[in-house]
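Asker: The chain contents come next:
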Amino acid sequence: DIQMTQSPSSVSASVGDTIAITCRASQGISSWLAWYQQKPGKAPKLLIYSASSLQSGVPSRFSGSGSGTDFTLTISSLQPEDFATYYCQQGNSFPLLTFGGGTKVEIK
Amino acid sequence: EVQLLESGGGLVQPGGSLRLSCAASGFPFSGFAMSWVRQAPGKGLEWVSSISGSSGSTYYADSVKGRFTISRDNSKNTLYLQMNGLRAEDTAVYYCAKDRDKQWRYLDYWGQGTLVTVSS
Numbered sequence: 001d002i003q004m005t006q007s008p009s010s011v012s013a014s015v016g017d018t019i020a021i022t023c024r025a026s027q028g029i030s031s032w033l034a035w036y037q038q039k040p041g042k043a044p045k046l047l048i049y050s051a052s053s054l055q056s057g058v059p060s061r062f063s064g065s066g067s068g069t070d071f072t073l074t075i076s077s078l079q080p081e082d083f084a085t086y087y088c089q090q091g092n093s094f095p096l097l098t099f100g101g102g103t104k105v106e107i108k
Numbered sequence: 109e110v111q112l113l114e115s116g117g118g119l120v121q122p123g124g125s126l127r128l129s130c131a132a133s134g135f136p137f138s139g140f141a142m143s144w145v146r147q148a149p150g151k152g153l154e155w156v157s158s159i160s161g162s163s164g165s166t167y168y169a170d171s172v173k174g175r176f177t178i179s180r181d182n183s184k185n186t187l188y189l190q191m192n193g194l195r196a197e198d199t200a201v202y203y204c205a206k207d208r209d210k211q212w213r214y215l216d217y218w219g220q221g222t223l224v225t226v227s228s
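Residue numbers (my numbering), protein chains in the order written: chain R, 1 to 108; chain V, 109 to 228.
Heads up, some of the hints might be wrong.
As the list claims (entries may be wrong) - When the alpha-carbon atoms are kept at most 16 angstroms apart in a straight line, the in silico EDC-like pairs for lysine to aspartate or glutamate are as follows:
(1) V/Lys151 with V/Glu197
(2) R/Lys42 with R/Asp17
(3) V/Lys151 with V/Asp181
(4) R/Lys45 with V/Glu154
(5) R/Lys108 with R/Asp1
(6) R/Lys45 with V/Asp216
(7) R/Lys108 with R/Glu81
(8) R/Lys42 with V/Asp216
(9) R/Lys39 with R/Asp1
Stated by the list, open to error - Ranges between beta-carbon positions, derived for each pair:
(10) V/Pro136 with R/Ser12: 13 to 21 angstroms
(11) R/Asp1 with V/Asn192: 18 to 26 angstroms
(12) V/Gly164 with R/Gln79: 27 to 35 angstroms
(13) R/Val58 with V/Asn185: 32 to 40 angstroms
(14) R/Ser30 with V/Ser171: 33 to 41 angstroms
(15) R/Thr18 with V/Asn192: 32 to 40 angstroms
(16) R/Ser14 with V/Asn185: 25 to 33 angstroms
(17) V/Leu223 with R/Gly68: 19 to 27 angstroms
(18) R/Ala20 with V/Gly164: 25 to 33 angstroms
(19) V/Gly124 with R/Thr74: 29 to 37 angstroms
(20) V/Ser183 with R/Gly16: 23 to 31 angstroms
In short, the hints are calculated from the structure, not lab data. For every residue, glycine included, the Cβ atom is placed at its ideal position computed from N, Cα and C.
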């Protein structure tokens with residue numbers, strides 16, 4: 001099974017900051033990677049798919065990069081509504097999808 | 109507008125059974141694979157099971173294989189998860205989710221979730 005490891009597990013930042021969250025796959029997954037945002041008590045929301053493609057309706061301050069085993073989600077100019085937990089998910093071994101452990105973005 | 113609405117969660121004793129339902133609307137239901145993903149309290153996301161649009165193919169995580177059965181009724185636009193032999197570690201919020209683009213790789217719409225609690 002492909003394991004997904006996210007870092008950091010949590011990050012404190014201020015409104016207007018730019019942050020980066022990384023995700024590492026235990027084996028190469030090409031660009032078959034997604035990023036989701038989850039707010040407390042809510043369902044996950046797809047932000048990025050295929051490593052760098054922005055899902056419809058998602059603000060352009062969210063961007064993704066990477067291929068193979070190392071991936072990054074960058075959030076530019078953090079907004080108050082961006083404070084949430086973010087998960088990566090590999091789609092290489094579909095339909096057996098696996099998620100990273102999550103990164104909580106907190107207000108500094 | 110795509111909508112997914114889960115129901116059927118609740119409190120069940122270890123070894124018991126429960127059937128979850130997910131009513132879908134706003135898209136051609138039979139044309140898309142569907143999945144169940146769960147989240148234990150305070151934990152991350154875990155893929156549970158997926159089914160093709162035609163019900164011809166089903167897949168399960170090792171943790172639920174042999175105990176859970178995924179199915180769908182395309183005439184009712186409804187997805188199901190039959191859960192038997194429930195264990196304490198099955199306690200979680202269960203989400204149904206829609207395949208984004210018929211490639212089984214990403215989930216673009218999720219329901220609000222239904223809580224399953226396994227406890228005596």
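Asker: State for each hint whether it applies.
Answerer: Going down the list of hints, with the structure as the test:
Between the alpha carbons of V/Lys151 and V/Glu197 the distance comes to roughly 12 angstroms, so the proposed pair stays at or under 16 angstroms and holds. Distance restraint check for R/Lys42 and R/Asp17: the Cα-Cα separation of roughly 24 angstroms exceeds the 16 angstroms cut-off, and the hinted pair is therefore not satisfied. A threshold of 16 angstroms between alpha carbons decides the hint, and for V/Lys151 with V/Asp181 the separation of about 31 angstroms lies outside it, so the pair is violated. Between R/Lys45 and V/Glu154 the alpha-carbon distance is near 15 angstroms, which keeps this suggested pair within the 16 angstroms criterion.
Note on R/Lys108 and R/Asp1: the hinted pairing is violated, with a Cα-Cα distance of about 36 angstroms set against a maximum of 16 angstroms. Annotation: proposed proximity of R/Lys45 to V/Asp216 holds, straight-line Cα distance about 7 angstroms (limit 16 angstroms). The suggested pairing of R/Lys108 with R/Glu81 holds, with an alpha-carbon distance near 14 angstroms, which does not exceed 16 angstroms. Restraint check for R/Lys42 and V/Asp216: satisfied, since their Cα atoms lie roughly 14 angstroms apart, inside the 16 angstroms limit.
For the hint linking R/Lys39 to R/Asp1, the alpha-carbon distance of about 28 angstroms lies beyond 16 angstroms, and the restraint is violated. A beta carbon spacing of about 44 angstroms between V/Pro136 and R/Ser12 contradicts the range 13 to 21 angstroms that was offered as a hint. For R/Asp1 and V/Asn192, the Cβ-Cβ distance of about 24 angstroms falls inside the hinted range of 18 to 26 angstroms, so the restraint holds. Here the CB-CB span from V/Gly164 to R/Gln79 is close to 44 angstroms, at odds with the stated 27 to 35 angstroms.
The given range of 32 to 40 angstroms is broken by R/Val58 and V/Asn185, whose C-beta atoms sit roughly 26 angstroms from each other. Evaluation of the 33 to 41 angstroms hint for R/Ser30 and V/Ser171 yields a failure: the beta carbon distance comes to about 26 angstroms. Judged by the Cβ atoms, the range 32 to 40 angstroms given for R/Thr18 and V/Asn192 is violated: they are separated by roughly 48 angstroms. About 44 angstroms separates the C-beta atoms of R/Ser14 and V/Asn185, a value inconsistent with the hinted range of 25 to 33 angstroms.
For the pair V/Leu223 and R/Gly68, the beta carbons lie near 38 angstroms from each other, so the given range of 19 to 27 angstroms is not met. At about 41 angstroms, the beta-carbon gap between R/Ala20 and V/Gly164 misses the expected band of 25 to 33 angstroms. Checked against the hint of 29 to 37 angstroms, the C-beta distance between V/Gly124 and R/Thr74 comes to roughly 45 angstroms, which is inconsistent with it. Between V/Ser183 and R/Gly16 the Cβ separation comes to about 51 angstroms, which falls outside the hinted range of 23 to 31 angstroms.
Hints 2, 3, 5, 9, 10, 12, 13, 14, 15, 16, 17, 18, 19 and 20 from the list above are not met by this structure, while the remaining hints are.
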